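Colleague: Chains as they are written, first to last, in our numbering: chain A, 5 to 177; chain B, 551 to 1101; chain C, 58 to 489; chain D, 1359 to 1654.
Since the hints were derived computationally from the structure, they do not count as laboratory data. These numbers come from a predicted model, not from an experiment. Misleading hints may appear alongside valid ones.
No more than 20 Å apart at the CA atoms, straight line, and that leaves these computed lysine to aspartate or glutamate pairs for EDC-like [claimed, not checked]:
hint, chain 1, residue 1, chain 2, residue 2
1, B, LYS607, B, GLU627
2, D, LYS1412, A, GLU120
3, A, LYS7, B, GLU920
4, C, LYS290, B, GLU660
5, D, LYS1466, A, GLU120
6, C, LYS268, D, ASP1543
7, C, LYS87, B, ASP1020
8, C, LYS268, C, ASP181
Chain A residues, not near chain B, derived (Cβ > 10 Å throughout) [said to hold, decoys possible]:
hint, residue
9, ASP19
10, GLN86
11, ASN99
12, LYS100
13, VAL102
14, THR104
15, ALA110
16, THR128
17, ARG133
18, GLU156
19, THR158
20, GLU161
Where is the CB? At the ideal position from N, CA and C, for every residue including glycine.
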Amino acid sequence: MLKVDFEFRKEIVKDDFSLNYCYQCGTCSSACPVALVTEGEYNPRKIIEESLLGLKELLIKDQKPNVWLCSTCQMCVEECPQNVFLTEIFDNLKNKIVLTGNYPEAYNVQGNAILEYGLAIPLTTPIIRRRQQLGLPSVESANIEEIGKLLEATNFEKKINTNGYSKTEKGGM
Amino acid sequence: MEDIKMGVFICHCGTNIGGFLDVPSLVEYAKTLPNVTFATDNLYSCSEVGLSLIKEKIEEHDLNRVIVASCTPRTHEPLFRSICQEAGLNPYLFEMVNIRDQCSWVHMKETEAATEKAKILIEMGVAKALLLQPLEKFQIDINPTALIIGGGIAGMTAALNLANQEFKVILIEKEPELGGLLRYLYKLYPTHDDASKVLEVRNLVENHQKIKVITSTEPVKIEGFIGNYKVSVKRRDGIYDIDTGIIIVATGAQVLKPEGLFGYNGSTIITQLELEQLLKENKINVKNIVMIQCVGARNEERRYCSNICCMTALKNAMLIKELKPDANISIIFRDIQTQGTTYEEYYRKAREKGITFIRYIPEKVPIVKESNIEVYNDYLNQDISIPYDMIVLSTPLIANPDSEDLAKMLKVPLEENHFFLEAHVKLRPVDFATDGIYVCGSAHWPADIPEAISQAYAAASRASTIISKDVLEVEGAIAEVDEDLCVGCGICIKICPYNAISMDDNGIAHVTEASCKGCGLCGATCPEKAITNHHFTTKQILAQILASGGK
Amino acid sequence: MGENSNSVLVIGGGIAGIQASLDLAERGIKVELVEKKPCIGGRMAQLDKTFPTNDCSICILAPKLAECYRHPNITLHTLAEVKEITGKAGNFKAKLLQHARYIKAEECINCGICIEKCPMRVDDEFDVFLRKRRAIYIYFLQGVPSIMAIDPEKCLYLTKDACRICEKVCEREAIDFEQKDSEVNLNVKSIIVATGYEPFDPSPLVNLGYKHLPNVVTGLEFERMICASGPLKGHLIRSSDRKEPKKLAFINCVGSRDMKYNPYCSSVCCMYTTKEAMIAYEHDNSIQSFIFYIDLRAGGKGFREYIERGQKEYGIKYIKGKVAKIIEDDDKNPIIIYEDMNTSKMKKFPVDLVILATSMIPNKDTPELANILGIDLDKNNFFLSNAYLPLDSSKKGIYICGCCRGPMDIPNSVIDASGAAAKAAENAIREG
Amino acid sequence: MTYKYFFGCVIPGRLPYLEASARKIFDKLGINVSDQTQYSCCPDPTGVAALDHKSWLALGARNLSLYENDNSDVLSLCSGCTETLKTVQHILNNDPEEKKEINSILNKIGKKYQGNINIKHFAQVLFENLDLIKENIIKPLKDLKVACHPGCHYLRPSEIIQWDDPFEPTTLDVIVEALGAEPVDYELKKDCCGNPLEKSDKELSQKLLLNKLESIKKSGADCIVCVCPACYQQFDFNQRELNKNLNTDFKFPVFYLTELIALALGIKGEEIGLKFHRVRVNNLLQKINILESPNK
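Using the sequences plus the hints, can you model the full thing?
Modeller: Structural data, given as structure tokens:
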């Protein structure tokens, strides 16, 4: 049987206080386009209820419902009568899941691209050529050492999964 | 023999009647009936235009009987009677025929047959009207004193208001002191003021020149009628009589003790009221507290929602949080009842404080285990377990057990949950059907402090409309006992719902005019046919039956 | 009005103002009852039936209207507004603006000929714009005083100096275009404010489709639609195709319990949607109703039993969940998108008609009146009351009752009103 | 008013022709926008934010710090970047603790976040210069029915974005109408295109796209206009794949708002790289006489 975990709830609330205000009306799921196409298998209201009860196992381990299916469209946030910032809460949950390593690979690809290039999509040779054709100036993005230093301060590299990524790997979005 | 000239006014009631019955044909039909000298229709007879028309026609045609065929006498007879009176006609020469509630509304799809039925109903009205007699209303003196039964917040508030209006007030309380349930509360929602602060009104009541407070006192017998009640009360040292013009019932309610429910033990599993005591004494030293709502309410035995328990739970949960910020409080509920502006805001504040809310459904009530509660979470469609150190059960307010006796003494009804039943739920919420008796606070229905206070003022206002008068006019269509026929069997006395009949020294039944409502129960029951119900005499009713085609 | 007479000013002629006036009048206190509309009656007059007794609303109200009109202690000031209050408890001076009615009250007999002939068609406010009235009109059929009024903003003569047909056709010469707005000065000892509420306009909740989807209406509109004396004569049909709807969905808490609109609970919607579903069923037993709710609030006397009756005898289905989105199909049938919380599945639920139970909000002119009276408002712009002196305003001698101090149902408004009368009487006597 | 571009990752790194159209129209309209170097990923509100909130905030704050003390507003070419930058600013300006912590991180790279600049989506700047656009139209886009797709991050959360109506967005329609085209309404106008779900569930992402396209088809639109490179990719790149997977036959040309404006301003198709579109746009543009028909 699932056990209410007040301490885990408090952790989630610490990240975003608005969780507390939810009174489970279901407006979010009614407004959510993903809930509609998945017929409720993805269900923002349930994720919030699980958060209110601190049901860590469901949220973090089983990921039921799967929080990664949130498209971040913010429709729920816009409609929520109690001003619960669902998308932010979901992002915070995703952050917690990331620490367990059990999350979709595409996010990792992006994370590693940023570690390596400071950009989610690094410039490739064909694109550089195309830019020249279009008469566009060359891209002068951030100094990667500076970005590296900053991400070191936030512990980014330790939080995400970097196994198998090297300087030659390409990022994507 | 009197020359009877009858006027018949047939009402369309907008489309309520006109949309379903052929009203013009009813008018034509009415004109053919005996002694009908005038008949017409009216869009709304009760409108100012409709009323002036009636008045105008009474004068124009010198009518001495008036029939309005429209809605129900329950709501409209007094109005039409007063119009007749204004036109110089004795109001009891008016007869009302109900062709809406009992005809057009119930036969909406059968215009033709319904119109025929309406014709018969009108014919019956005419038959009765031929036999109507003028009657006189009675005037009674009013004793400008108010007796209030119950010295809780409602009773005290009503007492203070009436006394400030310079009426003499007698406040009786069965306990040795005033205050009622308020005495047991710690702090009040929604302001968290100390209950003792609100209880300070007690001093004002006790020291008011116009208020006489009598504690440890209960009524044992109530006689009399509006303006002139005589209430016998029992004190330690004997029975005393109190004369009063009106009575306000403010006897409150009590909290259900949840014996046998959810492992109630009075120590780790307690009621909200017991929790208030622990809070008062600052004796909360546990971490995980679970409250269960609707304990003993909204079930087969007690179907009602007790109205105040959700707010009580929210309040106590927040008060615990104030004393012990690291406490984990969960409230297992069915529907959170926080109506209105401040209460809904209060609920949001409770969520803000981190209180956990878990909804349960009646099919799967929470199960209390040794250190956790198992409950089916309706929102997740699965069972969950909540750890607890203490459980607080929110039980409903239930009617006082002595309400039944008091209701009998007052001859007023109780509703199915034994709370007092008012005259009309919508428009007469603190009146009883019996004149001169009022109700307020939790005797009427579970009420919180603000509600009880509003109701107390309302009851005071209603009472003041009576005791501000020197004399009062009462109903003329009442029962009368033929002394020659009465054998003194006393059946009428038992059956009278208004306590209006008594036996005189000669063993003959006697009707107290001021109390009689003319309901007709005594007349219908009297085995000797010794009672005449004026305005509904046997002759009149027989004439109606015959007119309807009866034999 | 002499300084010494005990009199009370009652502002607002809805059920609360009426009850307060009647109590005071019976108590022997003179009442000046001010109503800004042409007739007294208020919101209750617009309702079809009332819960939990399902009494016909106007039927139980009408006798009280007549009583107010006829009571020797009550003076009615309709089409009037309070413009200034000075003085203090026991000795208030009130200045009223009496709008011209353009009708000689003592001559008009409400025969209706003028209405037939008036060429101007105007949206009817009483029938929540579901039908047209004329520029000369009676506010509602059973309205009191039951005389005409001319709408100066719509009357052709008063706006364009043309027409005057009503004047020609009125046999009693009751039309008086010479009437002017005037001032009325009163001395009163206490003041009771009973200005009521207005319904929230749900248009900003775009996803619910009000005003975009023809078969999405508000609770008050439905009330008029189903009322026998309403614009449809009680024959419930939908405006898109004039078909009889068979499947109704009621959405509770529209604009209520919502931090973006009205954070509070409107107190009455759970009950009145149940009532409306019951009436619909009584009109047509093949109608099925679904009520969407967050918490089913039925704490009043007999309310829970009423809901149970709705389920058992009227087949009403209660669905836990707030609806955020309503779309429509090609036949203009609204489709409700909601989550069935029992299964956590999303549903697309087609119905024939949707009724939005919109919040009760304070009247638009509440802040202005608060200013005139010098009393405080709460954060929602209702008049501020104190929890343990619920009928006292922030100023001595001024009392508040009914929905102008927060959403409440009719019994509570009546209780409030009687209570305010008791307070006003107490003040009049003590400060007298 | 002067602006500085924030390009983000996707447009310069994958869709440079959209950048070309943007630069061309702002030049042509005489709106003063200059380049800003040294920027990093915004970072992606649907990606990095999900990985680590702190890193997302820090990178965003660093980007903002580049623009501070310059009297220019940020002009973002991407809705996702706009949302990130606005949200980061909103969070840091409302949470002094967080701001302090982020600044201590920025301090390590010699930067400081202050929180005093305006961030504008390019469509907002265009909307605010509507008269200027109207004055410069050379080729009105007659007979073109356009389904505008505002996209999520252009609208929501409205409390932070503070621009168009989150439920009844109209700004894009107004611009499109000013160009001489006819904006059409459709049921799912304010819904998500599905792009962010590519990272977690491709099939689901396509389902959302399918719903969008079906709804647009019903409206009778000739083409789709969007203002975010993520949405652009979803509509333009994934339409063909969707057709293949689900056996559908959608052929909606997809324009970036800047491209449509460029065409109306008389800028030639080849200058802005229209040929790089996956769903061909030429037939439609020839039909409405914006491009010359090869037959003529």
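Colleague: Look at each hint and say if it fits the structure.
Modeller: Verification of the hints:
Pair hint B/LYS607 plus B/GLU627 holds up; C-alpha atoms about 18 Å apart against a cutoff of 20 Å. Proposed proximity of D/LYS1412 and A/GLU120 is supported: the alpha carbons are some 18 Å apart, at most 20 Å. Restraint check: the Cα-Cα separation between A/LYS7 and B/GLU920 comes to about 15 Å, which is no more than 20 Å; the hinted pair holds. Our distance criterion of 20 Å between C-alpha atoms is met by C/LYS290 and B/GLU660, whose separation comes to about 17 Å.
With a C-alpha separation of about 19 Å, the suggested pairing of D/LYS1466 with A/GLU120 holds against the 20 Å cut-off. For the given pair, C/LYS268 sits about 16 Å from D/ASP1543 by alpha-carbon distance, which is consistent with the 20 Å threshold. Restraint check for C/LYS87 and B/ASP1020: satisfied, since their Cα atoms lie roughly 17 Å apart, inside the 20 Å limit. Restraint check for C/LYS268 and C/ASP181: the C-alpha separation of about 17 Å stays at or below 20 Å, so the hint holds.
Against the 10 Å criterion, A/ASP19 stays outside the reach of chain B, whose nearest CB is about 14 Å from its own CB. Against the 10 Å criterion, A/GLN86 falls within the reach of chain B, whose nearest CB is about 7 Å from its own CB. Separation of A/ASN99 from chain B is adequate, the least Cβ-Cβ distance of about 21 Å exceeding the 10 Å criterion. Taking the minimum C-beta to C-beta distance to chain B, about 19 Å, the non-interface status of A/LYS100 holds against the 10 Å cut.
Every CB of chain B is more than 10 Å from the CB of A/VAL102 (nearest about 24 Å), matching its label as outside the interface. Every C-beta of chain B lies more than 10 Å from that of A/THR104, the closest at about 22 Å, which supports listing it as non-interface. With a cut of 10 Å on Cβ distances, A/ALA110 stays outside the contact zone with chain B, its closest approach being about 29 Å. The non-interface label for A/THR128 is consistent with chain B: the shortest C-beta to C-beta separation is roughly 47 Å, beyond 10 Å.
The claim that A/ARG133 lies off the interface holds: its Cβ sits roughly 55 Å from the closest Cβ of chain B, which is beyond the 10 Å cut-off. Separation of A/GLU156 from chain B is adequate, the least Cβ-Cβ distance of about 35 Å exceeding the 10 Å criterion. For A/THR158, the shortest C-beta to C-beta distance to chain B comes to about 28 Å, beyond the 10 Å cut-off, and the non-interface label holds. Distance to chain B confirms A/GLU161 as a non-interface residue, since its nearest Cβ pair spans about 34 Å, more than 10 Å.
Violated hint for the displayed structure: number 10, the only one.
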